[in-house]
Amino acid sequence: MAAANRLSVAKTYKIYIDGKFPRTESGRYFPLKNKQDAVIANVCRGSRKDFRNAVVAARKAQAGWARASAYLRGQILYRIAEMLEGRIEQFVAELQLQGRTERQARKEVEIAVDRLIYYAGWADKYQQVFSSVNPVSSAHFNFSVLEPTGVVSIIAPDDSGLIGLVSYIAPAIVGGNTCVALASESLPLSAVSFAEVLHASDVPAGVVNILTGFRDELTEQFASHMDVNAIAWPGDGRKMARSVQTLAAENIKRVIARPKIDWMSDEGESPYLIRDTQEVKTTWHPIGS
Amino acid sequence: MSVAAVKKARRLPDLSCVPAVDEVGVNERVARFQTRSIKKSAKVEALKLILSMIDLTTLEGQDTAGKVRQLCQKAIHLHDAYPGLPHVAAVCVYPNMVSVAKEALAGHDIRIASVATAFPSGMSSRKVKLEDTRTAVAAGADEIDMVISRGEFLAGNYRYVFDEIVAVKEACGDAHLKVILETGELGTLDRVRRASVLAMHAGADFIKTSTGKVQPAATMQVTLVMLQAIRDYYRDTGRMVGMKPAGGISTSKLAIHYLVMLHETLGNAWMTPEWFRFGASSLANDVLMQLMKQSTGLYQSADYFSKD
Numbered sequence: 000m001a002a003a004n005r006l007s008v009a010k011t012y013k014i015y016i017d018g019k020f021p022r023t024e025s026g027r028y029f030p031l032k033n034k035q036d037a038v039i040a041n042v043c044r045g046s047r048k049d050f051r052n053a054v055v056a057a058r059k060a061q062a063g064w065a066r067a068s069a070y071l072r073g074q075i076l077y078r079i080a081e082m083l084e085g086r087i088e089q090f091v092a093e094l095q096l097q098g099r100t101e102r103q104a105r106k107e108v109e110i111a112v113d114r115l116i117y118y119a120g121w122a123d124k125y126q127q128v129f130s131s132v133n134p135v136s137s138a139h140f141n142f143s144v145l146e147p148t149g150v151v152s153i154i155a156p157d158d159s160g161l162i163g164l165v166s167y168i169a170p171a172i173v174g175g176n177t178c179v180a181l182a183s184e185s186l187p188l189s190a191v192s193f194a195e196v197l198h199a200s201d202v203p204a205g206v207v208n209i210l211t212g213f214r215d216e217l218t219e220q221f222a223s224h225m226d227v228n229a230i231a232w233p234g235d236g237r238k239m240a241r242s243v244q245t246l247a248a249e250n251i252k253r254v255i256a257r258p259k260i261d262w263m264s265d266e267g268e269s270p271y272l273i274r275d276t277q278e279v280k281t282t283w284h285p286i287g288s
Numbered sequence: 000m001s002v003a004a005v006k007k008a009r010r011l012p013d014l015s016c017v018p019a020v021d022e023v024g025v026n027e028r029v030a031r032f033q034t035r036s037i038k039k040s041a042k043v044e045a046l047k048l049i050l051s052m053i054d055l056t057t058l059e060g061q062d063t064a065g066k067v068r069q070l071c072q073k074a075i076h077l078h079d080a081y082p083g084l085p086h087v088a089a090v091c092v093y094p095n096m097v098s099v100a101k102e103a104l105a106g107h108d109i110r111i112a113s114v115a116t117a118f119p120s121g122m123s124s125r126k127v128k129l130e131d132t133r134t135a136v137a138a139g140a141d142e143i144d145m146v147i148s149r150g151e152f153l154a155g156n157y158r159y160v161f162d163e164i165v166a167v168k169e170a171c172g173d174a175h176l177k178v179i180l181e182t183g184e185l186g187t188l189d190r191v192r193r194a195s196v197l198a199m200h201a202g203a204d205f206i207k208t209s210t211g212k213v214q215p216a217a218t219m220q221v222t223l224v225m226l227q228a229i230r231d232y233y234r235d236t237g238r239m240v241g242m243k244p245a246g247g248i249s250t251s252k253l254a255i256h257y258l259v260m261l262h263e264t265l266g267n268a269w270m271t272p273e274w275f276r277f278g279a280s281s282l283a284n285d286v287l288m289q290l291m292k293q294s295t296g297l298y299q300s301a302d303y304f305s306k307d
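Protein chains in written order, with numbering that gives the first Met the number 0: chain C, 0 to 288; chain F, 0 to 307.
Hints are computed from structural coordinates only; laboratory data are not their basis. Yeah, the Cβ is synthetic: ideal placement off N, Cα and C, and Gly gets one too. Treat the hints loosely; a few may be bogus.
As a list, the in silico EDC-like pairs of lysine to aspartate or glutamate whose alpha-carbon atoms are at most 20 Å apart [stated by the list, open to error]:
| no. | chain 1 | residue 1 | chain 2 | residue 2 |
| --- | --- | --- | --- | --- |
| 1 | C | 280 | F | 302 |
| 2 | F | 39 | C | 17 |
| 3 | F | 38 | C | 17 |
| 4 | F | 252 | C | 17 |
| 5 | C | 238 | C | 219 |
| 6 | C | 59 | F | 169 |
| 7 | F | 292 | C | 216 |
Derived contacts from chain C toward chain F, CB cut-off under 7 Å, selection only [what the hints assert, rightly or not]:
| no. | residue |
| --- | --- |
| 8 | 219 |
| 9 | 223 |
| 10 | 224 |
| 11 | 225 |
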């Protein structure tokens, strides 16, 4: 059969919860349009119940993921990079569909791959850099180590389809956290495809969950859920920032606002971004005087 | 009732006359129950009713007196941050823990249920099973959860199973008797229905799905079949029998589906802890988290609820 006669196989963009690709439980969708105002995809308009289900999955997965050895977590991050590398053309095409030039798109995907490898390398090193033996004036051996904070909710930057999301997720999970991320509202397609990459990369179910939907509707849910231990987000919009801070205070959630970072540049990767979602645990161990 | 009337009532029925179960019909009916929308204030009422129907259970070989006391504390103080909560119906423990529970629950209107009759397998002699039952009752159990001899039942030895239930019922004295069918080992819904009829005729005050030690434990399908058996038995004899699904019911959503099923099969008369129980442990905290969600608007975390 000639290729021209082939029926097009349009992809259904779903959300990613607990290692599965369900549709939103709300049954709501929003059309994503290109610059010519043509619909390029129907995207799930995730609901607070989708978020709740995702948090349940993330909580369930967290202890096991934190117990995995640093070496294994590093290998799995490296595996994500490998899988993404193999699909570069798909991601480039998808970013172009959403209005990027080919050059921009290719650069963004390549940086995303490199960023995953960067954090894969940090997996078994950040602990040594940030841990310390502390001088104390008593008969104690006093040391501080990092522990993952738990479940992190992530609002990915709206102005990038892939690199922003990857730059938020990678430092959170490399440190043993699990996360629920909300994809860019205006460029959501690559996030769903990235979920497929995660799915093929031995990332245990529930470690990363990705929703698509409206930021105005979901940000406060991401901030208020009592079973979420930290929220990482761009911190844009003064009114919303106040609301996020107030709601997060309900269970003393860590609020990590990252405004005005150029995720395409080197400032978009740093071990300090890993530390953002770590808790410092200090132990006083008695020794003979 | 006179002694003769009691004996007449406790006659082994002809189980070949028990109606066959239409499995496809049961599945469709169960699917229907799950489409009911219970929201807002109706949901809050349902959640509180569920709490009041819970038999808070710990049945582990590793149970200690401390663990049982902790469970009893949980039964008394479900979640003090939420005023006006009902307490659970009962705590359910092994016979040797009944006295511990009795002491911990002194002064509270929470019943003590104890499993007996060589729980969970029931593989022992009649003599041992009766002694097990008497031990639990003597220690202060208000309710006895017995297991039927599934091996004998599956071998078609209905008389044996029937007589055993009658004997245990006698050994219970004033204590209520719940008869566990262990539906996961019965295999078909037809057998579940037959075992339900047999147990009710033998004098069961409650029929109960499972021990919680065998998978699958309670399912909505077997529970529906048992509820229908209770309904038909009530129509025939005028005696109400209670129902207790146990094992595997750990979310509020599922528990609400069970309530819907109870309501639409047996009606309002059974919608009390006197006639319906949930055998569960983790269900209580899930219900509490849902209640707090309803009152605060925030999704809750298990970190802020006491463990049982």
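task: Could you work out which earlier hints the structure fails to respect and list their numbers in ascending sequence?
output: 2, 3, 6, 8
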